[in-house]
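Chains A and B are the protein sequences, given in the same order. In terms of my numbering, the first sequence opens at residue 41 and continues consecutively. In terms of my numbering, the second sequence opens at residue 41 and continues consecutively.
Bear in mind the hints are in silico, worked out from the structure with no lab data behind them. Treat the hints with care, since some could be wrong.
Label-pair restraints from in silico Cβ distances [to be verified]: (1) I142(B) x E197(A): 55 to 63 Å; (2) M309(A) x A164(B): 25 to 33 Å; (3) D161(A) x R193(B): 31 to 39 Å.
Selected chain A positions facing chain B (in silico; Cβ < 10 Å) [unchecked claim]: (4) P137; (5) L139; (6) I160; (7) A164; (8) L184; (9) A187; (10) Q189; (11) G279.
For glycine and all other residues, C-beta sits at the position ideal for the given N, C-alpha and C.
Protein chains: 2
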Amino acid sequence: FGKVKSVKFDWTKGESIELDSVENALAEGAKAITLVHNDTSVGIKNPAKEIGDLAKKYGAIFIMDGVTTIGGDEVLVDKWGVDIAVVGSQKCIGAPPGLSAISVSKKAWESMVDKPPYYIDLKAYKKSANKETAQTPYTPAVSLFFAMQEALRIVKEEGLEARIKRHAQFSEALRAAADAMNIEMFPQLNNYSKYSNTVTAMKIPTGIDDKKLRNGIKELGIQVSGGQGALEGKIFRIGSMGNISKLDILSTVQAVEIVLHKNDVVKKMGPGVEAASNVLK
Amino acid sequence: FGKVKSVKFDWTKGESIELDSVENALAEGAKAITLVHNDTSVGIKNPAKEIGDLAKKYGAIFIMDGVTTIGGDEVLVDKWGVDIAVVGSQKCIGAPPGLSAISVSKKAWESMVDKPPYYIDLKAYKKSANKETAQTPYTPAVSLFFAMQEALRIVKEEGLEARIKRHAQFSEALRAAADAMNIEMFPQLNNYSKYSNTVTAMKIPTGIDDKKLRNGIKELGIQVSGGQGALEGKIFRIGSMGNISKLDILSTVQAVEIVLHKNDVVKKMGPGVEAASNVLK
Numbered sequence: 041f042g043k044v045k046s047v048k049f050d051w052t053k054g055e056s057i058e059l060d061s062v063e064n065a066l067a068e069g070a071k072a073i074t075l076v077h078n079d080t081s082v083g084i085k086n087p088a089k090e091i092g093d094l095a096k097k098y099g100a101i102f103i104m105d106g107v108t109t110i111g112g113d114e115v116l117v118d119k120w121g122v123d124i125a126v127v128g129s130q131k132c133i134g135a136p137p138g139l140s141a142i143s144v145s146k147k148a149w150e151s152m153v154d155k156p157p158y159y160i161d162l163k164a165y166k167k168s169a170n171k172e173t174a175q176t177p178y179t180p181a182v183s184l185f186f187a188m189q190e191a192l193r194i195v196k197e198e199g200l201e202a203r204i205k206r207h208a209q210f211s212e213a214l215r216a217a218a219d220a221m222n223i224e225m226f227p228q229l230n231n232y233s234k235y236s237n238t239v240t241a242m243k244i245p246t247g248i249d250d251k252k253l254r255n256g257i258k259e260l261g262i263q264v265s266g267g268q269g270a271l272e273g274k275i276f277r278i279g280s281m282g283n284i285s286k287l288d289i290l291s292t293v294q295a296v297e298i299v300l301h302k303n304d305v306v307k308k309m310g311p312g313v314e315a316a317s318n319v320l321k
Numbered sequence: 041f042g043k044v045k046s047v048k049f050d051w052t053k054g055e056s057i058e059l060d061s062v063e064n065a066l067a068e069g070a071k072a073i074t075l076v077h078n079d080t081s082v083g084i085k086n087p088a089k090e091i092g093d094l095a096k097k098y099g100a101i102f103i104m105d106g107v108t109t110i111g112g113d114e115v116l117v118d119k120w121g122v123d124i125a126v127v128g129s130q131k132c133i134g135a136p137p138g139l140s141a142i143s144v145s146k147k148a149w150e151s152m153v154d155k156p157p158y159y160i161d162l163k164a165y166k167k168s169a170n171k172e173t174a175q176t177p178y179t180p181a182v183s184l185f186f187a188m189q190e191a192l193r194i195v196k197e198e199g200l201e202a203r204i205k206r207h208a209q210f211s212e213a214l215r216a217a218a219d220a221m222n223i224e225m226f227p228q229l230n231n232y233s234k235y236s237n238t239v240t241a242m243k244i245p246t247g248i249d250d251k252k253l254r255n256g257i258k259e260l261g262i263q264v265s266g267g268q269g270a271l272e273g274k275i276f277r278i279g280s281m282g283n284i285s286k287l288d289i290l291s292t293v294q295a296v297e298i299v300l301h302k303n304d305v306v307k308k309m310g311p312g313v314e315a316a317s318n319v320l321k
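With the sequences and hints as input, model every part of the structure.
Below, the structure is given as structure tokens:
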């Protein structure tokens, strides 16, 4: 639907987005900007508010993938000027996978073309949603709608603010544990980017390899992710989103510590779990 | 991805597809032909085999929507030369809605362009399916996959042949009942089209209107569909797909008969249910 201008940064080094490059692209005439709010592949939370301010300044449409933040981290769609925000059912909301939900600003509605491709025909959805009994234009995944409804009730029960605080605390605990075990964080933060509050990406420590580390953890009943693509074998990632508990975080740290100790990467057991506990108490 | 040539026939009259018109379009250079095998909006089963023969003769790709036949009616994909067949989870297979499955012929794979739109990038699915552990390229609706697996086990338990026979018998019973109640079938069959084996479309009988008929049936606990678009108020449709029983068919006929009798459209109760019973016994 138009030319795509890519603003490049070296994700394989965990580099953060530079706002200047984004502003340059907008000054050169970019009409829309897309952002992954929380980049799970590198464990970075990108500066959505600042990007939104730039989009507003240049009159561009701001489309934000909030798949791994909405429901688990602060996302102020209207305040940040996000024109289209997208969320998936299976991440921070804790419903089964299979559904997406989006929010659409007035500006985004107005900028839509008249005959969009079938799968992104939002107007068809709007038309059906506005019927006397709100509907979808085609048969939806009904069972997942009910599951999503229940998941949202659980979110409401916990309280969105409390839930966001919990997610922030859990990832802080993971970072504290990593620090205590001398595991380096992967992201290279700048003034605007932050560590992800839902996925913690760390370098594989010297003295062990990816397979040994992750298989060892898996044998203890916990699954952590490896790096994707160019990062395979270089980093490992711990997800901490959804309906999980303090004990889930502590037992994950414990598992990492056990494997690192068994492989003589850390000299003694305890500091990781202790550091995480201090954050969680 | 090319110009679309429509072969027209008046669906609001329940007209069947004319094979000559289809052949003309192919002779004029149509490269692909799409067919809804079972047209639920009018209750017609279209001649897939014959269309497949024409597609083969002219070297066109034959794409068939088998959403309301696969799992409930005979569909011989390879024998009929269907290059791409599509099925939905929620119709004859009896799983929850939300999934599609397709079959793709060698010819269809070879005719695919290199950079298809995101949502129809079948090559991405093929690549993932061919991995050591078969996967999908993106997170799928996992819970629906398990539901589909269970639904397919139920299909297997009944036996596909028995299941097809049951569907044929159920719709035959509905047609016999309609005949006994002097309700006219809606489709105008020709030499090739057939009455649908999964949805029976009938004209609203004289002496009652759509609302009175369908609301009356609904009050008895059974939901039947009305006509869509231009057919609203003119026809009503009884679906008979999936894991339903003889009793479901008989009680539906009973409900129709009760409402027609109450509104003096039929003089006596009984003939509809009796005719259906005779087919089902």
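Right, here's what the structure says about each hint:
{"no.": "1", "hint": "I142(B) x E197(A): 55 to 63 Å", "verdict": "violated (40 Å)"}
{"no.": "2", "hint": "M309(A) x A164(B): 25 to 33 Å", "verdict": "violated (44 Å)"}
{"no.": "3", "hint": "D161(A) x R193(B): 31 to 39 Å", "verdict": "holds (35 Å)"}
{"no.": "4", "hint": "P137", "verdict": "holds (5 Å)"}
{"no.": "5", "hint": "L139", "verdict": "holds (8 Å)"}
{"no.": "6", "hint": "I160", "verdict": "holds (8 Å)"}
{"no.": "7", "hint": "A164", "verdict": "violated (15 Å)"}
{"no.": "8", "hint": "L184", "verdict": "holds (6 Å)"}
{"no.": "9", "hint": "A187", "verdict": "holds (7 Å)"}
{"no.": "10", "hint": "Q189", "verdict": "violated (14 Å)"}
{"no.": "11", "hint": "G279", "verdict": "violated (13 Å)"}
Checked against the numbered hints listed earlier, the structure breaks hints 1, 2, 7, 10, 11; every other hint is satisfied.
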